[in-house]
Amino acid sequence: MAEPVERPSNEPLNRWDKWKDSKYVKRGNGPNDWRFVAGSAVLGLVVAAGAVLAAGPWDSGQRKAEQDRAVARERAGGAHHGRAEPTGPEPAPSALAVLAPLGATAGLTAPAGASGLKAALTPLLDAPALGTVRTAVVVDTATGEQLYARGAATPMTPASTVKIASTVAALSALGPGHRIATTVRVSADSRTVTLVGGGDPTLDKAALRDLAADTAHALRDGGTRAVELKYDTSRYSGPALHPIGPNENIAPVSALMVDEGRLDGSDRGPARRTDDPAGDAARTFADLLDEAGVATRSAPSSGRAGSGSRTVATHLSKPLSALVERALTNSDNDIAEALVRQTALKAGRPASFAGGKRAVTDRLKKLGLPLAGANLADGSGLNRGDKVTAGLLAALVALAADPDHPELRSALTGLPVAGFTGTLGSRYPATSRGTGLIRAKTGTLTGVNALAGTAVDAQGRLLAFAFLASGTTSPREAESSLDALATTLTKGTR
Numbered sequence: 031m032a033e034p035v036e037r038p039s040n041e042p043l044n045r046w047d048k049w050k051d052s053k054y055v056k057r058g059n060g061p062n063d064w065r066f067v068a069g070s071a072v073l074g075l076v077v078a079a080g081a082v083l084a085a086g087p088w089d090s091g092q093r094k095a096e097q098d099r100a101v102a103r104e105r106a107g108g109a110h111h112g113r114a115e116p117t118g119p120e121p122a123p124s125a126l127a128v129l130a131p132l133g134a135t136a137g138l139t140a141p142a143g144a145s146g147l148k149a150a151l152t153p154l155l156d157a158p159a160l161g162t163v164r165t166a167v168v169v170d171t172a173t174g175e176q177l178y179a180r181g182a183a184t185p186m187t188p189a190s191t192v193k194i195a196s197t198v199a200a201l202s203a204l205g206p207g208h209r210i211a212t213t214v215r216v217s218a219d220s221r222t223v224t225l226v227g228g229g230d231p232t233l234d235k236a237a238l239r240d241l242a243a244d245t246a247h248a249l250r251d252g253g254t255r256a257v258e259l260k261y262d263t264s265r266y267s268g269p270a271l272h273p274i275g276p277n278e279n280i281a282p283v284s285a286l287m288v289d290e291g292r293l294d295g296s297d298r299g300p301a302r303r304t305d306d307p308a309g310d311a312a313r314t315f316a317d318l319l320d321e322a323g324v325a326t327r328s329a330p331s332s333g334r335a336g337s338g339s340r341t342v343a344t345h346l347s348k349p350l351s352a353l354v355e356r357a358l359t360n361s362d363n364d365i366a367e368a369l370v371r372q373t374a375l376k377a378g379r380p381a382s383f384a385g386g387k388r389a390v391t392d393r394l395k396k397l398g399l400p401l402a403g404a405n406l407a408d409g410s411g412l413n414r415g416d417k418v419t420a421g422l423l424a425a426l427v428a429l430a431a432d433p434d435h436p437e438l439r440s441a442l443t444g445l446p447v448a449g450f451t452g453t454l455g456s457r458y459p460a461t462s463r464g465t466g467l468i469r470a471k472t473g474t475l476t477g478v479n480a481l482a483g484t485a486v487d488a489q490g491r492l493l494a495f496a497f498l499a500s501g502t503t504s505p506r507e508a509e510s511s512l513d514a515l516a517t518t519l520t521k522g523t524r
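When you line the sequence shown up against the numbering used here, it's residues 31 to 524, in that order.
Among the clues, some could well be false.
Quick list of in silico lysine-lysine cross-link-like pairs, DSS-like style, CA-CA up to 30 Å [said to hold, decoys possible]:
#1 Lys376 / Lys417
#2 Lys260 / Lys376
#3 Lys376 / Lys395
#4 Lys235 / Lys260
#5 Lys376 / Lys348
#6 Lys521 / Lys148
#7 Lys348 / Lys395
#8 Lys260 / Lys348
#9 Lys348 / Lys396
#10 Lys348 / Lys235
#11 Lys148 / Lys417
#12 Lys376 / Lys396
In case anyone wonders, no lab produced these hints; they're calculated from the structure. In this text the structure is predicted, and so the values were computed from the model without any measurement.
Could you put together the complete structure from these sequences and hints?
Here you go:
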């Protein structure tokens, strides 16, 4: 069972004092009309492309123009969900002809009414399957209008929905084009080689083979045929083990690892993990270096490259936007923790759990988000000490939909698509109205269930939502209730 949680307040979400002066929000005519500046381009993207996943996950679902704009602006550069992912239908090709241009507003209907949503959502939110405490927020992303709220400012355990905060912070700090470098350095006398981890959990054997080949080539040119091998993980600090301890959902957090420390060849979901990811990576590199014609005199040892060493080989990860999409689609805990540490490094903080918490919190504060009651203890959501509000999650999603923030777009395109991809691939049948119209991050811990993302309503409006439940006793029943809530948003309320 989840830990006790404060009973929700029914104060409306719109009373966020910090949002009144935010440059991303403007005042409307009504008391509940604090507005996110989110244009209809996002609606076209989600209606035409979101429903069928126009660009597949991990391939950065942003259009090239958005990527170029983001780079120009930035210049920077969870838990087991309990269900096997079946082979689902392939996404349909994108319908580019129907996408509205940036800034277009013609043809959009008025937002769905708040009163209709209250009548539709309240009975579903009261379902016994949602446990003892449940909170919710629904926002029209085009206007920023709060359409529904219950306990909007109540801190709740978010489980893996906290990955939305982790990824938005990373994208904002580093930009979607940022790549994580793994390098090889050779000492001035060419007798010592150091494999330097940069924090890329997706580094694989093929990348190590390329690094070994480039290293061997540089060494052979100088007549070197045997070296001492060291490996450097100093980019990260603090405890390597997540507070939950050894677990199939996450490897020890290291700046150097191969395939997330997985020992079964998988690339997602729970798996047996190595307890020494850096050592395993170095030993694999040693074997590949030997195959390339350079022997290692002894087993690899931990240490830093000496002064005067030079870089002879570099591997760059996929762009941050692709890592974000993979982290969200598959609820990848290892990538989420890596992104938080990259955010910490960018901020000049230690790349640790504590440093990551401070860096992510500071970044979200700079974005003007409502952080009252938030405790971002980790990047993955495995830590029960994490606390967020439904108001914060909905605000994060709405901000990612803001056309003034194209650098955040992959925080939307990476969200699992109902009935199609990731952790929502098997939760919505083909007959469900929500299939293809809902993109959302799931969250599951014992006694905790959550869902946060976007839905397209019957009027074609893009709604940001967050539903959080604590004290649940049946994960499957809780998931069904959350899915019903999200599906209701697609039906319209007129």
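Evaluated hints:
For the hint linking lysine 376 to lysine 417, the alpha-carbon distance of about 24 Å falls within 30 Å, and the restraint holds. With a CA separation close to 26 Å, the supplied pair lysine 260 and lysine 376 stays within the 30 Å bound. Taking the CA atoms of lysine 376 and lysine 395, the gap is near 16 Å; set against the 30 Å cutoff, the hint holds. About 18 Å separates the Cα atoms of lysine 235 and lysine 260, which keeps this hinted pair within 30 Å; it holds.
Straight-line distance between C-alpha atoms of lysine 376 and lysine 348 comes to about 18 Å, which keeps the hinted pair within the 30 Å bound. Note on lysine 521 and lysine 148: the hinted pairing holds, with a Cα-Cα distance of about 13 Å set against a maximum of 30 Å. Our distance criterion of 30 Å between C-alpha atoms is met by lysine 348 and lysine 395, whose separation comes to about 28 Å. Proximity of lysine 260 to lysine 348 is assessed by CA-CA distance (about 25 Å); at most 30 Å being required, the pair is judged to hold.
Distance hint between lysine 348 and lysine 396 is fulfilled; the C-alpha atoms sit about 27 Å from each other, no more than 30 Å. Taking the CA atoms of lysine 348 and lysine 235, the gap is about 15 Å. The hint holds against a cut of 30 Å. The suggested pairing of lysine 148 with lysine 417 holds, with an alpha-carbon distance near 25 Å, which does not exceed 30 Å. The hinted pair formed by lysine 376 and lysine 396 meets the criterion: a straight-line CA distance of about 14 Å does not exceed 30 Å.
Violated hints: none; the structure is consistent with every hint.
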